[in-house]
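Asker: In terms of the working numbering, the sequence shown opens at residue 242 and continues consecutively.
Mixed in with the good hints there might be a few duds.
Simulated pairs of lysine-lysine, DSSO-like, Cα-Cα distance not exceeding 27 Å [said to hold, decoys possible]:
| no. | residue 1 | residue 2 |
| --- | --- | --- |
| 1 | K423 | K379 |
| 2 | K279 | K258 |
| 3 | K312 | K245 |
| 4 | K423 | K279 |
| 5 | K411 | K379 |
| 6 | K279 | K267 |
| 7 | K385 | K433 |
| 8 | K423 | K411 |
| 9 | K245 | K279 |
| 10 | K312 | K279 |
| 11 | K279 | K433 |
| 12 | K379 | K312 |
| 13 | K245 | K258 |
| 14 | K411 | K433 |
Keep in mind the hints are simulated off the structure, nothing from the lab.
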Amino acid sequence: MALKRVFAGFYTRYDGKPIFVVRVLKDIDTCESIVVCKDASFSKEDNEHYYLIRYTSFCEQVEVDGVRRDKYVRQTRREIDEGTVREVYEDGFPEPKSKPFTYVDDEYAERAIRCSRTYYEYAKDICENYRMDLRRYKLIRERKQYIGVSNREAYQAMCEDLAFAQQSLKTVLNDYADLFRKRYSEGLSIRKAADAMQQNRGVIERRQAALYRAFAQLLQQRDEADGVCRLIQEMEYDPKEIEDLLE
Numbered sequence: 242m243a244l245k246r247v248f249a250g251f252y253t254r255y256d257g258k259p260i261f262v263v264r265v266l267k268d269i270d271t272c273e274s275i276v277v278c279k280d281a282s283f284s285k286e287d288n289e290h291y292y293l294i295r296y297t298s299f300c301e302q303v304e305v306d307g308v309r310r311d312k313y314v315r316q317t318r319r320e321i322d323e324g325t326v327r328e329v330y331e332d333g334f335p336e337p338k339s340k341p342f343t344y345v346d347d348e349y350a351e352r353a354i355r356c357s358r359t360y361y362e363y364a365k366d367i368c369e370n371y372r373m374d375l376r377r378y379k380l381i382r383e384r385k386q387y388i389g390v391s392n393r394e395a396y397q398a399m400c401e402d403l404a405f406a407q408q409s410l411k412t413v414l415n416d417y418a419d420l421f422r423k424r425y426s427e428g429l430s431i432r433k434a435a436d437a438m439q440q441n442r443g444v445i446e447r448r449q450a451a452l453y454r455a456f457a458q459l460l461q462q463r464d465e466a467d468g469v470c471r472l473i474q475e476m477e478y479d480p481k482e483i484e485d486l487l488e
């Protein structure tokens, strides 16, 4: 039986675990096909790592509740976003042929502020958008109009997070200041940051994950002290309200 083709993109494992397939490579000794992938649960702390799956194992079926199902199912409706492609490209993998990107930093692009579901995601979001948010802030001050943010509330939230990050790096997160400057102020990739800091890439990846964890803890402590939650809130409906909406 011929094996199915495997494409770069998002897949879901039979147990619901999402992954991102980066590429299919050949074992130089056996010529066996190997699927290179990474965890697509972007709230996880270890999603910087890559994993290998034998092609035959990737394509096989498993039995779930007495029913034979594909082990991995392609999520054709989920588009490959620019951030994901940029991440794997900086890690040395080529872009998916069907999804070419031109990387243009654009401070005019609409910025979704505080849309994270966990504090780890929130910390990562502030760090990864720091450089561009700083440029947006300076443009808004110069031109006296909102650029890249939808309204005054979003602008104030962006400013608050920028100030909190800067203050944290001067105090509690000072040990991570050099890494932050290379990765997020200067915008260097992990590989280039490792070269600049004369460290191997693994060390930088672990330090970066540690930075996210430490910053996430500070963000949570800030919310607890302020008595607010700056994470995105799931909307909950009362069963009676749902019935009323359907009428």
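Asker: Among the hints numbered above, which are violated by the structure, and what are their numbers in rising order?
Answerer: 7 and 12
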